[in-house]
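Here the protein sequences come in this chain order: F and A.
In terms of the numbering used here, the first sequence has 419 at position 408, counting the first letter as 1, and numbering is strictly consecutive.
In terms of the numbering used here, the second sequence has 117 at position 106, counting the first letter as 1, and numbering is strictly consecutive.
Bear in mind the hints are in silico, worked out from the structure with no lab data behind them.
Keep in mind that a hint or two might mislead.
Any copy will do: because identical chains look the same in the list, a pair fits if it lies in one copy or spans two.
Said to hold, decoys possible - Lysine to any residue pairs mimicking SDA-like chemistry, simulated, CA-CA at most 25 Å apart:
no.	residue 1	residue 2
1	Lys340	Ala164
2	Lys340	Leu373
3	Lys403	Ala76
4	Lys198	Gly80
5	Lys198	His52
6	Lys134	Met233
7	Lys81	Gln431
8	Lys81	Met32
9	Lys177	Trp256
10	Lys340	Asp249
11	Lys342	Asp249
Below are the chains, spelled out letter by letter.
Number of protein chains: 2
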Amino acid sequence: MLTVSDVRFPTSLEQHGSDAMHTDPDYSVAYVVIETDQGMHGYGLTFTVGRGTEIVVCAVEALSALVVGKSLEEIVSDFRGFYRLLTSDGQMRWIGPEKGVIQLATAAVLNAVWDLWARSEGKDPRKLISCIDFRYITDALTEQEALDILVKAQTGKQQRVDQMLKEGYPAYTTSCAWLGYSDQLLKQLCTDALNDGWTKFKVKVGADLEDDIRRCSLIRQMIGPHNTLMIDANQRWDVGEAITWVTRLAEYKPLWIEEPTSPDDILGHAAISKALAPLGIGVATGEQCHNRVMFKQFLQASALQFVQIDSCRLGSVNENLAVLLMAHKFKVPVCPHAGGVGLCELVQHLILFDYISVSASLDNRMCEFVDHLHQHFRSPVVIQNAHYMPPKDPGYSCEMLESSVQTHQYPQGQVWKNLQ
Amino acid sequence: MLTVSDVRFPTSLEQHGSDAMHTDPDYSVAYVVIETDQGMHGYGLTFTVGRGTEIVVCAVEALSALVVGKSLEEIVSDFRGFYRLLTSDGQMRWIGPEKGVIQLATAAVLNAVWDLWARSEGKDPRKLISCIDFRYITDALTEQEALDILVKAQTGKQQRVDQMLKEGYPAYTTSCAWLGYSDQLLKQLCTDALNDGWTKFKVKVGADLEDDIRRCSLIRQMIGPHNTLMIDANQRWDVGEAITWVTRLAEYKPLWIEEPTSPDDILGHAAISKALAPLGIGVATGEQCHNRVMFKQFLQASALQFVQIDSCRLGSVNENLAVLLMAHKFKVPVCPHAGGVGLCELVQHLILFDYISVSASLDNRMCEFVDHLHQHFRSPVVIQNAHYMPPKDPGYSCEMLESSVQTHQYPQGQVWKNLQ
């Protein structure tokens, strides 16, 4: 049985999550629960920002016809085939393919399947490779190359596991500087974060240049010259504009400019990367990069210097594995997108996997963290000294509290009734 | 008032429309009717192939909140702003942006707005330019360049109008060689088409190489060496596979290979273009190219030699204008995708506009035609001697017969009830 809920949090009331293109997000999820005949449960979700969540719910319902009636064993014994069944249904692929609403819905469904599967058994390299659909990426990464990467990374694996259990995976915070926050709030949050041990900070930019200069200057002052600053324009600019604007902010030494322009503009990102390289500023993108074919090209074109995978935009673990392996081959670090609702909970698994089983490196790597809405999850992320501590509960960590789901269902939950 | 219907035709029963990736399409539309307070009607649609149409309908319903309550005058007086309101809503853009389900829904809604507007007044170059959202494409085409193109094409306009009224716009046929058709049916249809004056033929390929060789050989024999043959793989191959496969079919002298690989793979199409150029075979793509940013890059990367715009995949006339103008600047001919349900009716307007007001050229240009489902439209296309004759009725030609809509509504229409 598969059920799906439209769960929304009224975050726009306090401007949490506001940026240059999403000025009033209500952080939301399409939340999926799969129940097997044996009474086991798998939990999955995809993140949205309010209106339109009902469309993703509708798409999950359409996909559920391809899932219900199959056993977990049936699915995972040919996971590549099952992946393609969902993403390449002869009728439904027309409304994608592998992008937008239908891809978000695929992520929600498959995240639940992975949650179920994660609770039940270990996965060796060959098994993992068999989950990946290599269609359209063999010119960049063959199945054999992928397997070789995983086999090679078996060396030193236990050491890295031990290290992660002890130290955790490095994180950066986006919680201090949403675009809608006042300078005063920004200062306060920055001070608190420094006290909590944070050393890497992301600032939203792109709406007004003078504001950006003031805010970047303020944060750089607060954090000092040795901590790390990143800036994020959320797709606000055209190509030329991005180069001019970021050049004006170069004196605050950002490590990267994130989403300078359209998430579809590979060649545009390549031009921006080339122009900003002499300033020591990299380009980061990926939270709205919709599939492995797009990531392949970003890598082929040297259009990004930081790969920001997303646990809910791509087709779940299956497609994220393909991107992690391609990024490794092209020697570009992966720094996942997180925040939202449940993205931290999900993506911590992927980035720990990247370190332990793929890249074996922490150079220039860190995972986004936003201190937000974790209280609605049964196994929320644990942050210690600005690091993600490995999750201890089985599964994919995105089971929500039943009470949270109920009160936030849209439009009938109590939270939304009270706002009417 | 805006109403939307899920209208499906059970075309899979006879394998009409079958190709290497869409083996059993039920040609369908999300059909939109806008009624103004003055009782005027605008009709719009977007094409789908069956399952999943309900998701697009759900998206149209979500977008309708942004349309209902606005007058036509309000919308067209700042059409660029209205376009961006629909495509960049701060919450809904997350589930696109400008791609997949939400973009198809945008097309359906805006097609209806254009239908309304088309009935009411003439549009000069400046007015048309003001409908285009230049965000993300100014590195390829500025507003001034776009205006210059339209102004320049005023010369000789009346001559071209007269020519079109007399001769019509050249077309090619896809009706003869769907993948699911038998050789016998294929021969029969080819003979009929030759008798009707057709000179350009498209064949579906990509499922089985030996079948393709047999079918291409058969058709080339039937049509002789001087008529035109195109082949269409509907995204079936990886990059290397596309090059190898098409090379094997080169002796049948196809003008183009259409959709050789993923519609998102700009760099892949560029590699294929480069490899096939010495064989005299061009690359065509676009029916699943989801926005102007993607088309911009296909042009920048010399990744296609034929631009196949789609009236329902892109954001209606607004976005198609941007693509027509970019194609002209990059000197690449536009050969629209059509067929489906209502695509011929819609796209004839765009390609006539391209000839009369943008490119002023017929070199290497032709518009797809599929002889299929036209009987459900109030003003179906008129084909004479393998040419589209300019439509005479006002509007955008996609008003459907009420009886057709009713009997084909899914799942409650009589046609579907009978199939249960």
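Of the hints given before, which are not true for this structure? Violated: hints 3, 4, 5, 6 and 9.
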